[in-house]
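If you want the building blocks of each chain, they are given just below.
There are 2 protein chains.
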Amino acid sequence: MKGIRQLAEHLNISIGTVSRALNGKPDVNQETRRRVLAAAEELGYVANQSGRSLRQGETKVIGLMIESSKETVENADNFFLGVTSGLQSVFARHKLDLLMLPCPSDEDPHEYLKRMVARRIVDAMIISDTQRVDRRIDFLSRAKIPFVALGRSLSASNFPWIDLDFEGVADHAVERLIALGHRRIAITAPSSEANLGYLFIDSYRRALERHDILFDPSLVIRIRSSEQGGYQAAHELLLLEERPTAVILIYELMAIGLYRRLMESGVMPGRDLAVIGFRDAPRARFLQPSLSCFRISLYDLGVALGRMLLATMPAYREFYPGDGRNIIWPLELMPGESDAFDVGAMV
Amino acid sequence: MKGIRQLAEHLNISIGTVSRALNGKPDVNQETRRRVLAAAEELGYVANQSGRSLRQGETKVIGLMIESSKETVENADNFFLGVTSGLQSVFARHKLDLLMLPCPSDEDPHEYLKRMVARRIVDAMIISDTQRVDRRIDFLSRAKIPFVALGRSLSASNFPWIDLDFEGVADHAVERLIALGHRRIAITAPSSEANLGYLFIDSYRRALERHDILFDPSLVIRIRSSEQGGYQAAHELLLLEERPTAVILIYELMAIGLYRRLMESGVMPGRDLAVIGFRDAPRARFLQPSLSCFRISLYDLGVALGRMLLATMPAYREFYPGDGRNIIWPLELMPGESDAFDVGAMV
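Residue numbers (UniProt numbering), protein chains in the order written: chain A, 1 to 347; chain B, 1 to 347.
This is chain A alone, in the form it adopts within the complex:
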């Protein structure tokens, strides 16, 4: 890869002239300009944009850290690619580029983040998959690196985040099922320490209590967030002595495996068991009976994350005066066939 110095040496003209020719300045004669551009093309000249950036302490690059766990990989999760488009639409206005930083599954996310920051690749970070206690938040705060988190955490009382409304989804789902006559409602949660699992279960529990339904720990099924997890969840449901009449899923693709396992046992979703999925995903749209689930625009979520991040950065703050506040992102119920029956008729 050639820089301006090599170009100048190759052409035997001054660096200043090469620079003026490359930048289209008028004080370079036609023939010289032609020679410089031809040589640049031939030698594979690449303008060095990093010099300027380093002097300014800016790379013009934002990092999005994702966990490339086995679970994510198997899930074929498009979640982050969906968010990416929205982020890029905001960053493009400021000629900022977005890189994705996939943390290997066998590496501690905190150590990984420290290394990536030490590499001085990015000006700011977006982190996701926040844990209940998440040392990355302390680290970024202390190191004064602008960041925004997709997900809450107990680790700091005050940091920029947007999170999906897990409480709202669990609450809405329980209310809906109770209105349909259900009293024995199962719920799934991740087997990890992800913060969202705690929010989801807490809200489910509170909603049950509001209706004087006793919380039964055996109805909380901790499982991997994947199709296979859904299959396993159905398996566990079917083994329960007193089988629930409804189940609420925390992850959209679980529905695929859950349906499969139920049908293998002759249990029909939407007739023998009410199912409410989580996010409306393209995959789940092809399920039969159609899945009751919640709609969210990942693009809009990406836009909001991007705006919130820039609102924390001195160079861009002025453009985003109203974007600094934390957001609990609402999801809208899309009723399907999977819970469209009255349990009274069934029992």
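Please keep in mind that the hints were generated in silico from the structure rather than gathered at the bench. Check each hint, because a few of them may be wrong.
Note that the list lumps identical chains together, so a pair holds whenever it fits in one copy or between two copies.
Listed below are the simulated BS3-like cross-link pairs for lysine-lysine, each with C-alpha atoms no more than 30 Å apart in a straight line [to be verified]:
hint, residue 1, residue 2
1, Lys25, Lys114
2, Lys95, Lys144
3, Lys114, Lys60
4, Lys95, Lys60
5, Lys60, Lys144
6, Lys25, Lys144
7, Lys25, Lys60
8, Lys95, Lys25
Using the hints, position chain B against chain A.
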């Protein structure tokens, strides 16, 4: 974010002493070491690894360029995350990190790549989604940036690549269907200029010709590679005057939409129409009847890509003496129920 200079100023001791304390050198007294480490923690000191790298012209970072097209996003494609783990396992041995560079859907991939190279973020690139004519390959070759492509292209006669065996899959699928008595076999191909579509159709055509079956262009269905594309493909199949008895898919998730549309019309995959999918994906594993498709280890593919890339880089070449050659990656048929019937009995 604080560097070593700020630390030294804060503590009012020399940069040299701070450096020796941070690096655990023995000639620093206990108390000073303790003070330095405490201040480093408190002020969020981050070692600058970029200085050394820039002097050496090395960033120790490898870029994986992916296209974040609307299609990819809707697909929830886990393909690249799967490959990522394998790549990282190779790169970790050399303390190299992998970044994913998502090219926005509204940007020309060639221009995007040029900009990212100008940012001097990465030492080497992995590109994917190669087009028939792909200017990125010329650009990287000319700029002498080490790279490997996941996918062939007509753009250069000699560059490092690994590609899936699209010809082998199409050939195997046609032979299998003909052995089961099929003569009227449809095939899907991407609506884009992706090189793989051409390879797939050419091989299908040659296999038919081997058996004296006339190539019928109406049986080649050009469609988006997604669930929705599969739904549309089934729709078009059902409209054909003389309906085919079998269909070969070029993308695994198409099967989900295809099944749905067929079933809506009372056409049962594996009984009324033989279906052979492409890659064995977790999603497709839950289809009923089970899909005949082809197995591939994305992890192993990532390992091979990583080795091939390092084999082109002077600093690592010696470790990978046998990894320089292009590979057509084989896929292994996994027979399912979706084509398990004899068409003779049907007609």
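Now the hints, each set against the structure:
1. Lys25 with Lys114: Result: close only across copies, 22 Å inter versus 43 Å intra.
2. Lys95 with Lys144: For Lys95 and Lys144, both the intra-copy (22 Å) and inter-copy (26 Å) Cα distances are at most 30 Å.
3. Lys114 with Lys60: both (19 Å within a copy, 15 Å between copies)
4. Lys95 with Lys60: Both. Shortest intra-copy (7 Å) and inter-copy (24 Å) distances satisfy the 30 Å Cα cut-off.
5. Lys60 with Lys144: both (16 Å within a copy, 24 Å between copies)
6. Lys25 with Lys144: between (40 Å within a copy, 28 Å between copies)
7. Lys25 with Lys60: Cα proximity of Lys25 and Lys60: one copy only (25 Å, versus 36 Å across).
8. Lys95 with Lys25: within (23 Å within a copy, 43 Å between copies)
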